[in-house]
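Q: Please model the entire structure based on the sequences and the hints provided.
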Amino acid sequence: MPNGVLVFGEATEDGQLNPVTAELVGAGTALGGPVTVALLGSGVQGLAEQAGSYGAQKVIVVDDAVLKEYVGDAYLPPAERIARETDPAIILFGQTMIGRDLAPRLAQRLGTAVAMDCVKLEKNGDKLIAERPCYGGAARARYSINAMPQMATVRVKALEPAEAGSSGAEIVSQPAGVDASAVRVKVISRKKEEAEGVRLEDAKVVVSGGRGLGGPEAFTQLEELANILGGAVGASRAVCDLGWYPVAAQVGLTGKVVTPDLYIAIGISGASQHMAGISSVKNIASVNKDPDAGIFKSSRWAVVTDWKEFVPAFIEEVKKVRAA
Amino acid sequence: MPHIVCLVKQVPDPETPASQFKVDEAAKKVIPAPGVQPVPSQFDTIGVEAALRIKDKLPDTTITVVSVGPDSFRDSIKTGLAMGADEGVHVNDPAVNDADHWATAEVIAAVIQKLGAFDLVIAGRQATDWDMGVVGSTVAEILGVPVVTIAKDVQMDGGKITVERVLLDGFETVEAPAPAVVTISNEFGEPRYPQLKQIMAAAKKEVKNWTCADLGISPPANRVTLEALFVPETKVETEVIEGETPQEKAQKLAQRLREAKLI
Chain S
41 MPNGVLVFGE ATEDGQLNPV TAELVGAGTA LGGPVTVALL GSGVQGLAEQ
91 AGSYGAQKVI VVDDAVLKEY VGDAYLPPAE RIARETDPAI ILFGQTMIGR
141 DLAPRLAQRL GTAVAMDCVK LEKNGDKLIA ERPCYGGAAR ARYSINAMPQ
191 MATVRVKALE PAEAGSSGAE IVSQPAGVDA SAVRVKVISR KKEEAEGVRL
241 EDAKVVVSGG RGLGGPEAFT QLEELANILG GAVGASRAVC DLGWYPVAAQ
291 VGLTGKVVTP DLYIAIGISG ASQHMAGISS VKNIASVNKD PDAGIFKSSR
341 WAVVTDWKEF VPAFIEEVKK VRAA
Chain U
-5 MPHIVCLVKQ VPDPETPASQ FKVDEAAKKV IPAPGVQPVP SQFDTIGVEA
45 ALRIKDKLPD TTITVVSVGP DSFRDSIKTG LAMGADEGVH VNDPAVNDAD
95 HWATAEVIAA VIQKLGAFDL VIAGRQATDW DMGVVGSTVA EILGVPVVTI
145 AKDVQMDGGK ITVERVLLDG FETVEAPAPA VVTISNEFGE PRYPQLKQIM
195 AAAKKEVKNW TCADLGISPP ANRVTLEALF VPETKVETEV IEGETPQEKA
245 QKLAQRLREA KLI
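Same order as they appear, the protein sequences are chains S and U.
Taking the working numbering, I'd label the letters of the first sequence as residues 41 to 364.
Taking the working numbering, I'd label the letters of the second sequence as residues -5 to 257.
Since the hints were made in silico from the structure, they are not lab data.
Among the hints, a few may not be true.
Covered stretches of chain S, as calculated for chain U (at least 3 residues, CB under 8 angstroms) [stated by the list, open to error]: (1) 73 to 87; (2) 179 to 193; (3) 218 to 230; (4) 287 to 294; (5) 311 to 323; (6) 340 to 348; (7) 353 to 362.
Listing some non-contacts, in silico: residues in chain U with all C-beta distances to chain S over 12 angstroms [claimed, not checked]: (8) Met(-5); (9) Gln31; (10) Leu46; (11) Ile48; (12) Ala97; (13) Ala121; (14) Ala134; (15) Val141; (16) Glu158; (17) Leu190; (18) Ala195; (19) Thr205; (20) Cys206; (21) Asp208.
From the three backbone atoms N, C-alpha and C, an ideal C-beta is built for every residue, glycine too.
A: What follows is the structure, encoded as structure tokens:
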């Protein structure tokens, strides 16, 4: 009988335990546990105790140089082996670069399915009910999985992390057992892209412009506003399609997902595909001359006005309150 | 002759205003917005573009566009052909029109096997309706070939696929032997728009209509059950910033943001 919850913890690139690990253990515990943490990587042995401090019963560590850089072909064999040996009812991954690549492949190898990018997990009897955004966040779907193990990936920061306590977890080390010839995909090089100024994804404030701005010239003012606020400039898909602003700044379903403390939307109507990029933002201030603009429904502050007069005045006001 | 298979499907237009997005909770289906036509999933047309760029360099490449779904999905194949793909396969079988991602992947894999030799399968990193992002990887596992997900560039050269894979803070270049599956992300760039001449030419290109029987498979069982579909409640209380002039409104908004410690 499959039993318990197997969660795949993760290390960060600089060798720390990825906080998603505590979130996954918390989710697994809330689903009834007992929780086993699998920790795969290179140089991760030293993280095992911490991984076990969140209430897991057992930590299985696979610390092997072959797992230094993430390659699905190398991670899959130990992941599959641990899944089969542990025989859990539920397997959880983070919706991370690793989880979104590895979980679907593992699901197929185990003959089951995985609900991706879940924001809520519940149990109905023995059945996992996995809730996830779809249609770019415009809708939510709840799935159950008709096979064992029931798999889900969990959106980062969507669920409460478990608190660290005293570690009573049993720690077991296993070899990777990866045959180098089975690793068909090879990493040739890695390149970090240094963003100029504040990265859109990291910005505390994003000032974003849409088609309502009428042309590329307006973005100079948006940049000025973003500069004053120490933020970054975003743009709607329409704006990028029209070539008014670089595609790298596109926010939305086919652009970037941003999570600033404050999102200022100027001349953006709020198509579902744009809202998909800001679905986790709590504070949206929007400026639009159309009182029926869809984005107002999701905004904490709505300003019905022509941006042309509003934005220069707003820049001055922001300067004033910041100087005060 | 290199052969690339592109996976496409039709979705509700994501440019639909959020206020027109409605769900029939009993049927667990999205109610199409009045007057808004479905469109090919954007990641899929980017995938066709990626295949065409390879064909630009290797002109003897054949590109086959494959779709599994109801009548409306034919338009996504037509779009691929108008962009420059060579032929289409439409599996329009009522037995799999409600197929989940895994059943769909089984059918796609059967199509690819029936088509014969292939070098590369390109799928969107996800479809913009269900946003699940599993079909490309699942097809790769069924076919037993390597997969590289979330690509911003794909090159094919003498049995080798070179992919730039998007990472959180940059990208990595990876190599895989052909045949392989690659899922494409929006970082690749914009797909081309078909010209009228190409749209006319596409009408003459062959679209094969296959059923599960043609593929020699029984309709695969679904692995997930959709228990509910709903529009989440947005718990935002909107304050409309009042004022006689834009200047007054600007002052008030700045004040509010200051009070909320956001600026």
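Q: Please verify that the nearest CB of chain S lies beyond 12 angstroms from U:Ala97's CB.
A: violated, 10 angstroms
Q: So is U:Gln31 really clear of chain S, every C-beta pair being over 12 angstroms apart?
A: holds, 15 angstroms
Q: So U:Ala195 supposedly isn't at the interface. Is its beta-carbon more than 12 angstroms from every beta-carbon in chain S?
A: Non-interface label stands for U:Ala195: nearest chain S Cβ at 25 angstroms, farther than 12 angstroms.
Q: How about the region 218 to 230 of chain S: do at least three of its residues have a C-beta closer than 8 angstroms to a C-beta of chain U?
A: holds (count 7)
Q: Are 3 or more residues of the region 73 to 87 of chain S near chain U, judged by a Cβ distance of less than 8 angstroms?
A: violated (count 0)
Q: Closer than 8 angstroms, Cβ to Cβ, for at least three residues: run that test on the region 353 to 362 of chain S against chain U and report holds or violated.
A: With 8 residues close enough to chain U, the hint holds.
Q: Measuring Cβ to Cβ, find out whether U:Cys206 lies farther than 12 angstroms from everything in chain S.
A: holds, 20 angstroms
Q: Can we trust that U:Ile48 is non-interface, i.e. its beta-carbon lies farther than 12 angstroms from all of chain S?
A: Holds: least Cβ distance 18 angstroms, greater than 12 angstroms.
Q: So U:Met(-5) supposedly isn't at the interface. Is its beta-carbon more than 12 angstroms from every beta-carbon in chain S?
A: Answer for U:Met(-5): holds, closest chain S Cβ roughly 23 angstroms.
Q: Count the residues of the region 179 to 193 of chain S whose CB lies closer than 8 angstroms to any CB of chain U, then report whether that count reaches three.
A: holds (count 9)
Q: Please settle this one: U:Ala121 was flagged as non-interface, so is its CB more than 12 angstroms from every CB on chain S?
A: violated, 10 angstroms
Q: Run the C-beta distances from U:Glu158 to all of chain S and say if the shortest one exceeds 12 angstroms.
A: Violated, since 9 angstroms does not exceed 12 angstroms.
In terms of the numbered hints stated before, the structure departs from hints 1, 12, 13, 14, 15, 16, listed from lowest to highest.
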